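Following the hints, put chain A in place on chain F, whose structure we already have.
Protein chains in written order, with the working numbering: chain F, 1 to 317; chain A, 1 to 317.
Hint data in this document are derived by calculation from the structure and do not stem from the laboratory.
Remember, predicted model here, so these are calculated numbers, not experimental data.
One thing to keep in mind: the hints can contain errors.
Note that identical chains are pooled: a pair holds if it fits in a single copy or bridges any two copies.
Claimed, not checked - Capping the alpha-carbon separation at 16 Å, the derived lysine to aspartate or glutamate pairs in EDC-like fashion look like this:
#	residue 1	residue 2
1	Lys316	Asp119
2	Lys235	Asp169
3	Lys206	Glu166
4	Lys42	Glu259
5	Lys207	Glu166
6	Lys46	Glu90
7	Lys289	Glu301
8	Lys303	Asp169
9	Lys316	Glu189
10	Lys193	Glu84
11	Lys316	Glu66
12	Lys279	Asp226
13	Lys83	Asp194
14	Lys299	Asp228
The primary structure of each chain is shown beneath.
There are 2 protein chains.
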Amino acid sequence: MNNVKKKSGIKVFAPATVSNLGCGFDILGFAIHGPGDVIKAKFCKKPGIHITKIEGAKGKLPYDAEKNTASVAGMAVLRHLGKEKEIGIEFSIHKKMPFGSGMGSSAASAVAGAFAVNDLLGDPFSKRELLPFASEGEQIASGGTIHLDNVAPCMLGGMTLNRSNEEFDVHRVITPPGLYCSLIYPSIEILTKDARAILSPNTTLKKHTEQSANLGGLLLGLFRGDLDLIHRSLKDVIIEPQRAQLITGFYEVQNAAMEAGALGCSISGAGPSIFALSKNSVVAEKVGKAMEAVFNRLKIENKLFISAINMDGAIKY
Amino acid sequence: MNNVKKKSGIKVFAPATVSNLGCGFDILGFAIHGPGDVIKAKFCKKPGIHITKIEGAKGKLPYDAEKNTASVAGMAVLRHLGKEKEIGIEFSIHKKMPFGSGMGSSAASAVAGAFAVNDLLGDPFSKRELLPFASEGEQIASGGTIHLDNVAPCMLGGMTLNRSNEEFDVHRVITPPGLYCSLIYPSIEILTKDARAILSPNTTLKKHTEQSANLGGLLLGLFRGDLDLIHRSLKDVIIEPQRAQLITGFYEVQNAAMEAGALGCSISGAGPSIFALSKNSVVAEKVGKAMEAVFNRLKIENKLFISAINMDGAIKY
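For reference, chain F alone in the conformation it holds in the complex (with noise of 0.2 Å):
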């Protein structure tokens, strides 16, 4: 078995995330289908990780293996294990989905760099075991802070909860049957560290107490399928209005989402990309179309991806 490992290589794919659940902001998130970065990994002579080649990202990763998200994630977890200096591997790596986007490409190349070697080695470490390794390598892309609300559910699937990212405190929130996600990319640039650096260091304790009630009332809904809580609870009083401004267009397609059923949309990880969750897919394809027809309008070029919650996480396919 590793012997074929050895000379054909695997390949994995980690999928893009929505982070900033509404008031889930910096602990709740999923995945979905479709967008994602996919990586070839193979075993060669020379030890530590080498990153031989990087498509659809035009010419903006790293392919310095020290500063490549994907491939620090990778070596945390040779380095874990002792085996720096000992295995060569190498990465190619194929990005299916806009960065810079709110929809967690660094969590996709980190998690499928720790993932790919992971499997390379015989899987010594379970999934859950890989989120420290994994985040490794995404903090190369955040700025040394380790958020996981893009890591955990791009590595293990579904929507999750974290409650310490220092603890890796990590589980998984049920989801109703059917619910549904439209993600809608616009061509807005927004860089993370500015996307962060608008938000007021502080907050007022009646919109802290609003945002927990929603949020309550939330993690309630999903658990019970009780699509009605879901909808009265799925806002942000916090982040939301103070990102809004960066992204053109933000509140009319807001209300086209809202207009066409969806039970709620909010602000994609730290935008510019927004997401609506729905009752189904029906819902989902209506409410999609409703946003793009926003953006259109707009002349903001877009890309709009309708997705099932990816219960899977990261795959070796």
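Then chain A, alone, in the frame of chain F:
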């Protein structure tokens, strides 16, 4: 049946409640067994509600029906039915709990008042429908704003989450079987309005996020019966640090409770009572004794209550 009631009247009980449940400030609460308000109610000739007797309140509760929480709530029921000038009801109130204690005393009065009138009239409203009337009574005591975190569990029983006070959007939160509460009331005077005034109207985004993550963890832990997750999540980084100073010995009591095996321990309501949750009655006894020992050592008079979560709420008996 109504004739029997008219002669002998009825007797109801509304339990004490723990609110501001750690990271669930203003949104989570639960009812306990034991302390609470008893109201005996019977019809009389003079329209409106009349308080004929108040026991257990050391003369501190008003007989004036327009100022007493119980009668205001009861009147709200009568008024909603358009019968306030037609039907007369006498209340005899027995307060079997301390007030100004952080144990939801005014909520117990309000709930008992609304529930008693409803029962006497042959239950025109469901318990859930009574929430607005009980809240109208509770507002008298809490200074004009609605806080359902005591009223809702007192009326409905169990643990509740109020997503929106304005919309009476209240939900039962599933709790693991066996969960037990140790509640200690030290004779330290705190006025709810002082406990409110001490709170900063602002907090930080960092604390908001940490508190939200713990709230999410607590709700998932409760749903899944994951006691370790409840233990890790039942914390309050916003309110408790500000209010602890009002309660002599708070941190000593908290430490004693945690060392004795509590899952979590924080201020009940606006204090001075302190609650701890434990995985079963045996641990809850031990935890309660440890909390009691601290206050005894500090020569602060106290009263300890050990109880399962009260799933009944207001009852007729």
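Okay, the hints, checked on the actual structure:
In the homo-oligomer, the alpha carbons of Lys316 and Asp119 lie at most 16 Å apart inside one protomer (8 Å), although the nearest pairing across protomers, at 63 Å, exceeds that limit. For the homomeric pair Lys235 and Asp169, the shortest alpha-carbon distance between copies (15 Å) is at most 16 Å, but the shortest distance inside one copy (24 Å) is not. Taking the shortest Cα distances, Lys206 and Glu166 sit within 16 Å of each other only across copies (14 Å), while inside one copy they are farther apart (27 Å). Taking the shortest alpha-carbon separations for Lys42 and Glu259, neither the intra-copy value of 49 Å nor the inter-copy value of 52 Å comes in at or below 16 Å.
Proximity of Lys207 to Glu166 under the C-alpha cut-off of 16 Å is restricted to the inter-copy arrangement: shortest distance 15 Å between copies versus 25 Å within a copy. Within a single copy, Lys46 and Glu90 get their C-alpha atoms as close as 9 Å, which meets the 16 Å cut-off; across copies the closest is 90 Å, which misses it. Taking identical chains as interchangeable, the C-alpha atoms of Lys289 and Glu301 lie at most 16 Å apart only when both belong to the same chain, with a minimum of 14 Å there against 66 Å between chains. In the homo-oligomer, the alpha carbons of Lys303 and Asp169 never lie at most 16 Å apart, since the shortest distance is 33 Å inside one protomer and 37 Å across protomers.
For the identical chains of this complex, Lys316 and Glu189 are neighbours neither inside a copy (32 Å) nor across copies (63 Å), given an alpha-carbon limit of 16 Å. In the homo-oligomer, the alpha carbons of Lys193 and Glu84 never lie at most 16 Å apart, since the shortest distance is 31 Å inside one protomer and 62 Å across protomers. For a Cα distance limit of 16 Å, the shortest separation of Lys316 from Glu66 qualifies neither inside one copy, at 24 Å, nor across copies, at 70 Å. When the C-alpha separation of Lys279 and Asp226 is checked against a cutoff of 16 Å, the pair qualifies only within one copy, where the shortest distance is 10 Å, while the shortest distance between copies is 29 Å.
Proximity of Lys83 to Asp194 under the C-alpha cut-off of 16 Å is found in neither arrangement, the shortest distances being 38 Å within a copy and 61 Å between copies. In this assembly of identical chains, Lys299 and Asp228 lie within 16 Å of each other by CA distance neither inside one copy nor across copies; the values are 34 Å within and 52 Å between.
Checked against the numbered hints above, the structure breaks hints 4, 8, 9, 10, 11, 13 and 14 and satisfies the rest.
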